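Required output: the full structure, derived from the provided sequences and hints.
So the protein lines, in turn, are chains H and S. First residue of the first sequence? That's 1 in the numbering used here, and the numbers climb one at a time after it. First residue of the second sequence? That's 1001 in the numbering used here, and the numbers climb one at a time after it.
If you are wondering where the hints come from, they were derived from the structure by calculation, not from laboratory data. Among these hints, one or two may not hold up.
[To be verified] Capping the alpha-carbon separation at 25 Å, the derived lysine-lysine pairs in PhoX-like fashion look like this: (1) H:K201 - S:K1284; (2) H:K201 - S:K1255; (3) H:K197 - S:K1289; (4) H:K108 - H:K162.
These numbers were taken from a predicted model, which means no experiment stands behind them.
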Amino acid sequence: MSVRDLTGRRRWLAFAGCCVWFLFTIFPLYWVAITSLKSPPDVVNGPTYFPFIDFQPTLKAWHELLSGIRGEFYSNFWSSAIVALSSSLFATLLGAMAAYALVRFPFKVRLLSGVVFFAVAMGGFLLGRNVFGISPAMASILAFTIALALSVFLNRFPLPGKVLVNDDIVFWFVSQRLFPPIVVAFALFLLYSEMGKLGFKMTDTYLGLTLAYVAFSLPIVVWLMRDFIAALPLEVEEAALVDNVPQWRIFYGIVLPMCRPGLIATFVITLAFTWNEFLFALFLTNSKWQTLPVLIAGQNSQRGDEWWAISAAALVAIIPMVVVAGLLGRLMRSGLLTGAVK
Amino acid sequence: MNRDDPVKHLFLWPAFLVVLAVAMFPLIYSLANSMMSLRLVPPIPARFVGVDNYTDLLTNPRFWQTVRTTAFISITSVAFQFVIGFAIALALAKRVRGVDFFRTTFLMPMLVAPVAVALVARQILNPTMGPLNEIATFFGFPNLPYLTQANWALGSLIAVEIWQWTPFVILLLLAGLQGLPDDVYEAAEVENASPWQQFWGITFPMMLPISAAVIFIRIVESFKIVDTIFVMTGGGPGVATETLTLFAYQEGFKKFNLGYTSALSFLFLGVVLFISLVYLALLKPYLEKYK
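As structure tokens, this is what we get:
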């Protein structure tokens, strides 16, 4: 929609409105930035607004934070960074692969075999735990494997009932976003602790948290990447097929490079999600792999009114994402996300 | 294209397996648990109780209270987000002065960690050391209990939600607006349609499908709200701002009442599904009308 930019009074009205919203948007960020530069008296004796005018800025809070006087901080920062970056990377890659398969190849899943999976997984778990007295973790692993094998096997036969095709599979992926994460976070915490009893530690490990993040980013990645891949021209791939280039080389050599802007956008969106995620981190980690949001949430009760220190810690979580916002804004300008919402 | 190659399974299965094992299977596990009486503290052996957990919850006034609170926060804040977001997206699409600058800065809130936002909000809303009350007092308003009185606390949470998630609405609606065809507007200009008529006659109907999707996504997402409330009010004062997720967290992590929590999270899922279905049913005639 480019027809007629605003003119005259309307133009100024729109500009004024944007300015008001800008002030509303920026004020909290400005506030946390200046608070991190305040000395304790400037906070406790009522609000002060402008550096150098009504308070003298000091780097004391930052110095204390970075030198680690106020407890461990680097470890949380690094675990946040490692988990967020690697889980976004895996999610983008796996999601792009799945989206590619769903765009280019036909799939058929019989509804009945899905129902069988559900029934066998749940029944097997209950049976294993309550009747045979197997430990919950073992029972769930067994039930899951048997149910999966059985339903894949059954899918080969012409079962009666609805046949689900690619669009339904995409819907299945996306519908995961509908589920409140607390349902899964809590169950995952129980499953992980049960696995810990088997000697396979999952809570508070890199693997445990990353796996949860990958699983929870995949729906949105599949959804976004499907549109990006569907928009690619087919001719190049067809030409490569004629030359007998193997499928995986077509994907890594042709498809991925061609949808690089889409990959970057998806990666950035996933990164914002994983970096800020709170609930899973709260449930699944407790010390070594605890991430920044959990640390920051805890500041409140630990530090009370030490706002200068709290603000500095909060800024460490905010600043990387402000950089990301700049990147996303630039991607948006190139009209990149237009296709994704159709 | 119709090509079939067994390699397709190699592409789909990793993602499929991860989602199935880490997102889907816990759901089944949880469903099984929700029919048990299961406590970790004090540890008692698991016992099959059928739907007892569900009936317990459905007769628990606290559950309905949290459903109301969650729905209220979510629907009110999404309504504001949509109206403000649409207005700003229109201004940006019409290339208001400074559009490039605004486009980037307006995005920022949605990328800031909700827990950090909540901490900043606590500072701003603090009765003695925060700027908001000082400015209000300066203009002669009374000192307001933003976080300690039930209605004000709800209002503050909604304001924070609006601050954080309007950018998401702007982002998607702007992308939608930029995809609208020019020729319709050119025709409207020839007909001398006023901007107001153009908006209600062309822009709004054409944006209806994406608007519906944006509102849907926002409502479903804001039903999950927990981190902001966890930090800002902790569900207080009393249980006035306790949402479903927070309630489940309290039951599960503070009381270790596992069966009950699993049942609660399934009822939560039921509430979300119910609201989604009602929303889609209400919207269907409009979507078809403008198709």
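Going down the list of hints, with the structure as the test:
1. H:K201 - S:K1284: violated, 48 Å
2. H:K201 - S:K1255: Given that 25 Å is the threshold and the Cα spacing comes to 24 Å, the pair holds.
3. H:K197 - S:K1289: Violated, at roughly 58 Å.
4. H:K108 - H:K162: holds, 10 Å
When held up to the earlier numbered hints, the structure conflicts with 1 and 3 and fits the remainder.
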